[in-house]
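Please model the complete structure; the sequences and the hints are all you need to start from.
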Amino acid sequence: MKKAIVYGASGLVGSYILESLLDNTNYEQVIIVVRKDLNVQHPKLKTIIGDFNSLPEVVKDIQTDEVFISLGTTKKKTPDEKLYYQIDHDYPILAAKLAKENGAKAVFLVSAIGANAKSSIFYTRTKGETEQDIINQNFDHTHIFRPSMILGDRKESRPLEKILIGIFKFINPLFIGGISKYKGIEARDIAKSMVNCSDKPSEKVKILHWEEMTKLLK
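Numbering (the working numbering), first residue to last: 588 to 805.
Rather than coming from a laboratory, the hints here were simulated on the basis of the structure.
For clarity, every value in this text was computed on a predicted model and none was experimentally measured.
One should not assume that every hint holds.
Quick list of simulated restraints, FRET-style, between CB atoms [unchecked claim]:
id	residue 1	residue 2	range
1	Tyr-710	Arg-622	16 to 24 Å
2	Lys-793	Ser-706	18 to 26 Å
3	Lys-805	Glu-644	27 to 35 Å
4	Lys-805	Leu-670	38 to 46 Å
5	Ser-707	Ile-636	36 to 44 Å
6	Asp-727	Ile-700	34 to 42 Å
Below are the DSSO-like pairs computed for lysine-lysine, each with C-alpha atoms no more than 30 Å apart in a straight line [said to hold, decoys possible]:
id	residue 1	residue 2
7	Lys-662	Lys-787
8	Lys-590	Lys-805
9	Lys-768	Lys-633
10	Lys-662	Lys-631
11	Lys-662	Lys-684
12	Lys-684	Lys-664
13	Lys-631	Lys-768
14	Lys-631	Lys-805
15	Lys-662	Lys-793
16	Lys-779	Lys-647
17	Lys-647	Lys-663
18	Lys-779	Lys-631
19	Lys-633	Lys-692
20	Lys-647	Lys-633
Glycine residues also receive a C-beta, built at the ideal position from the N, C-alpha and C atoms.
Written out as structure tokens, the structure reads:
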């Protein structure tokens, strides 16, 4: 049986990753690193309170087999680009590095469609640099999930996003063939595909879009 560590468990996708891992009989322990207790109780769950600055100390000697990373912010929530980059890039890289040092063989990262380290757009460049630096950690297995619009109800209010989600649910059937990767996908399904993928990791490095993620749901 395996042990997994999860970063971003308080977020929309991360909360479903946690739920899926706790329900999966292949895992004997699930560890989450959060800034404040989520008040989730489960025999397999271990909660560690920490943040970017305290991370090296709080996860010291915490042995795991896999690391799931679903960290991120928004420009509205974090307008300062330096802090934004720390959350979207530096924190995931540090989390992956420490997990590998503690024995993790596989990493599962939530990224975004269009991620490109050479992009002139800050958001897509940040995602691309995060992907590349995760790959450079040289895990036995690196799986990067690139959703387009993430569907689901977030705790915080995002009026524009709710409008876009409504639009995506309407136009989703129009994305076929080579553009199917732009289809919106439920946060629950992203999480489920990640955990299902962990049951049978394949390539050294694998990038998954809508089609690859949905195949893992079957």
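Q | Holds or violated: Lys-633 to Lys-692, with C-alpha atoms at most 30 Å apart | A | 20 Å, holds
Q) When you take the CB atoms of Lys-805 and Glu-644, is the distance between them in 27 to 35 Å? A) 42 Å, violated
Q.
Lys-631 and Lys-805 were given as a pair; does the straight-line alpha-carbon distance stay at or below 30 Å?
A. Cα-Cα ~26 Å, so holds.
Q) Holds or violated: are the alpha carbons of Lys-647 and Lys-663 at most 30 Å from each other? A) 33 Å, violated
(Q) Hint check: Lys-590 vs Lys-805, CA-CA at most 30 Å. Holds or violated? (A) 24 Å, holds
Q) Does Lys-787 lie within 30 Å of Lys-662 when you go C-alpha to C-alpha? A) Not OK: Lys-662 and Lys-787 at ~35 Å, beyond 30 Å, violated.
Q. Are Lys-662 and Lys-793 close enough, with their CA atoms no more than 30 Å apart?
A. Holds, at about 28 Å.
Q.
Holds or violated: Lys-647 and Lys-633, Cα atoms, limit 30 Å.
A. Distance of about 14 Å is within 30 Å: holds.
Q. Between Lys-631 and Lys-768, does the CA-CA distance stay at or below 30 Å?
A. 35 Å, violated
Q: Take a look at whether the Cβ-Cβ distance between Tyr-710 and Arg-622 falls inside 16 to 24 Å.
A: 23 Å, holds
**Q.** Hint check for Ile-636 and Ser-707 - Cβ pair distance inside 36 to 44 Å
**A.** With a Cβ separation near 38 Å, Ser-707 and Ile-636 satisfy 36 to 44 Å, so the hint holds.
Q) Holds or violated: Lys-662 with Lys-631, Cα cutoff 30 Å? A) The given pair, whose Cα atoms are some 35 Å apart, is violated under the 30 Å limit.
In this structure, the hints that do not hold are numbers 3, 6, 7, 9, 10, 13, 17, in rising order.
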